[in-house]
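> Listed here are the chains, written in short residue letters.
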Amino acid sequence: MLSKPRYLPAGESALVVEFGATIDPGIHDCVLALDAAIQHANFEGVTETVPTYRSLMIHFDPRRLAAETLITALAKLEDTLKPARTPPQRWHIPACYDSPHDEDIAEVAAFLGLPRAQIIDLHQGARYRVYMYGFAPGYIFLGGLPPELTIPRRAVPRSPAPPGSLLIAGGQALIASCAMPTGWYGIGRTPVKVFDPRRAKIFLAGIGDEICFERIDGEAFDALSLTAEAGELCARGERLDEL
Amino acid sequence: MRGCLRVLRAGPGATIQDSGRFGFLRYGVTPAGPMDWTAFRTANFALGNNDRAAAIEVSTGGLEVVCEGVPLWVAFAGGAFVWRRSGMVLPKAARIRLEPGETLMARAGEFGAFTYLAVAGGFDTLVVMGSRSTHLRSGMGGIEGRMLKADDVLPTVIPVEERSSECFEAMIDAPWLDRDPNPFRVVLGPQDDYFTPETLSRCFAGVFTLTSAADRMAYRLKGPDIAHARGYDIVSDGVALGAIQIPGDKQPLVLMADRQPTGGYPKLGHVVRADIGRLAQLRPGETCCFREVSVAEARAALLACEDEIATTVQRLHPLRLALTSERLFEANLIGGVVDPLDSEQTEEEF
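Note that the protein sequences, when read in sequence, are chains U and W.
At position 64 of the first sequence (counting the first as 1) the number is 64 in my numbering, and the numbers step up by one without a gap.
At position 245 of the second sequence (counting the first as 1) the number is 245 in my numbering, and the numbers step up by one without a gap.
Keep in mind the hints are simulated off the structure, nothing from the lab.
Any given hint could turn out to be false.
What the hints assert, rightly or not - Below, simulated SDA-like cross-link-like pairs (lysine to any residue); rule was C-alpha separation at most 20 Å, straight line:
(1) U/Lys-201 / W/Gly-130
(2) U/Lys-201 / W/Asp-193
(3) U/Lys-201 / W/Val-128
(4) U/Lys-4 / U/Ile-71
(5) U/Lys-201 / W/Val-157
(6) U/Lys-4 / W/Phe-22
(7) U/Lys-201 / W/Met-129
To be verified - Output of the computed footprint for chain U on chain W, the stretches with three or more beta carbons under 8 Å from beta carbons of chain U:
(8) 7-20
(9) 23-30
(10) 302-311
Beta carbons: idealized from backbone N, C-alpha and C, even for Gly.
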């Protein structure tokens, strides 16, 4: 059974089911379990769900469904739920930390007082969970950054980081899908297009999936960039329940 | 042969919009869609379109188009824009048949920030992830993901001749699009507990002014400070249309059509769907206030609003009469004011 959530209105057309206020894998498991159950139950009137770190936003059509009816149905559903993820995938994503893709690494090294090589080892060696998308289409928010790499956000945003940038700040990591100004620090870059509307698989990773980075050099980056541009995924995925 | 509209001139803010890009909110994809869904739907319904049909959203920058190929049935509604067919003034909301070579021009009028130009069957631009809506920030949808500009050609989805026999030119009597000074209704939550009851009362008693920081993504208002009782940094959660975010400067930011689907500031409440179009029609410098309602009241208001808009086809009045009374009305109100663009008015024949 899940921890008791709070039901909070977001207008007449959306409901927030909140399991906590922090970034925590256990809370996120609850969010994902409810998300999967709602998709499975196929509720009349529910149009879309948005899992985030700590809550699930349920968008619905008020003509077909009233908020109180939805809450009653959810309360019944939750009694039977177990906090578990639907079988997630593990994605192996190539990452280049060489110049010119390591734009902010010197700044991070100076701030944290760590050698550059250790920053790369820490970032590349960790396993990440996809917690949510946000900021822009396909921007992936990751949990699992080693605590040694905790660095506060910039007071003033930097110039746009290119698509595929591996960014860190505030104890979190993310993969940029498009060039946007950011208050985060870019320490590497992947040639993989995590978002490509022309591809059959528009978004690489599902929420709850795991991500590992595999280090590549600048030459491999350039070669894979061309392959990715041609519509290839360039990342290897495996089902975690089959490992 | 399919007809099309060619853009002769487009001011800033003219974009293609359908009802929005849904199904990908969880991947951070902005829904976009019309800023004023009530006006957008009215224009589409007047043509017998459903609300998925793509239309042109025109902002205060205005628009001028010319009909090419075959005659086209078009309808427009939203705010009190000034519309002219080949120079002749039309009502602020109408359904007309444009002949090839005829031009249609819109420019900002007495009130309103957005008006919609719909065409029978809808405009046939590229569908991206299930929608034709333009999202400028991610460069998605519409024409190359950008605002319309001169020489853009907008083809229609269906040949229009099939339906033209049952159509007549009409003024659209849509009182739900009239200017309305009533407070915008707000449902509290999800983070209303980040504010004290006193702060919330001050917010609902206050008068807010729309600042110039107003675009399709968000409207920044200026008014009494709304101080946080528990800080303003929250772990990101979902964001719905009309969310009233209170960032660190204690001034409300209402999230509009181009909102991101997730966000990290406390949300005091949401402007109800029935009022969000009316809010979108504010121009910078105009004032507003808010009134708290329950979820049930907000839902009832939305259903009533939708039901009213569904009567659009029964509220079409043949244009000749409508124009005459409109002319008289205008003559009474603004007699003596000379607009150089109106110099041909006396020669108009209806």
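> Each of the hints needs a verdict: does it hold here or not?
Verification of the supplied hints:
1. For the suggested pair U/Lys-201 and W/Gly-130, the alpha carbons sit about 14 Å apart, so the restraint of at most 20 Å is met.
2. Of the supplied pair hints, the one linking U/Lys-201 and W/Asp-193 is violated, its CA atoms being roughly 40 Å apart against a limit of 20 Å.
3. The suggested pairing of U/Lys-201 with W/Val-128 holds, with an alpha-carbon distance near 14 Å, which does not exceed 20 Å.
4. Between U/Lys-4 and U/Ile-71, the direct Cα distance comes to roughly 13 Å. Compliance with the 20 Å bound is thereby established for this hinted pair.
5. For the proposed pair U/Lys-201 and W/Val-157, the alpha carbon gap of about 28 Å is over 20 Å, so the pair is violated.
6. Of the pairs offered as hints, the one joining U/Lys-4 and W/Phe-22 is violated, with about 29 Å between alpha carbons and a cut-off of 20 Å exceeded.
7. Our distance criterion of 20 Å between C-alpha atoms is met by U/Lys-201 and W/Met-129, whose separation comes to about 12 Å.
8. Here's how the segment 7-20 of chain W fares: 0 of its residues keep a CB closer than 8 Å to some CB of chain U, so the rule of at least three is not met and the hint is violated.
9. For the segment 23-30 of chain W, the assignment as covered by chain U holds, since 8 residues bring a beta-carbon within under 8 Å of that chain's beta-carbons and 3 suffice.
10. With a cut-off of 8 Å between beta carbons, the segment 302-311 of chain W has 3 residues touching chain U; three or more are needed, and the interface restraint holds.
In terms of the numbered hints stated before, the structure departs from hints 2, 5, 6, 8, listed from lowest to highest.
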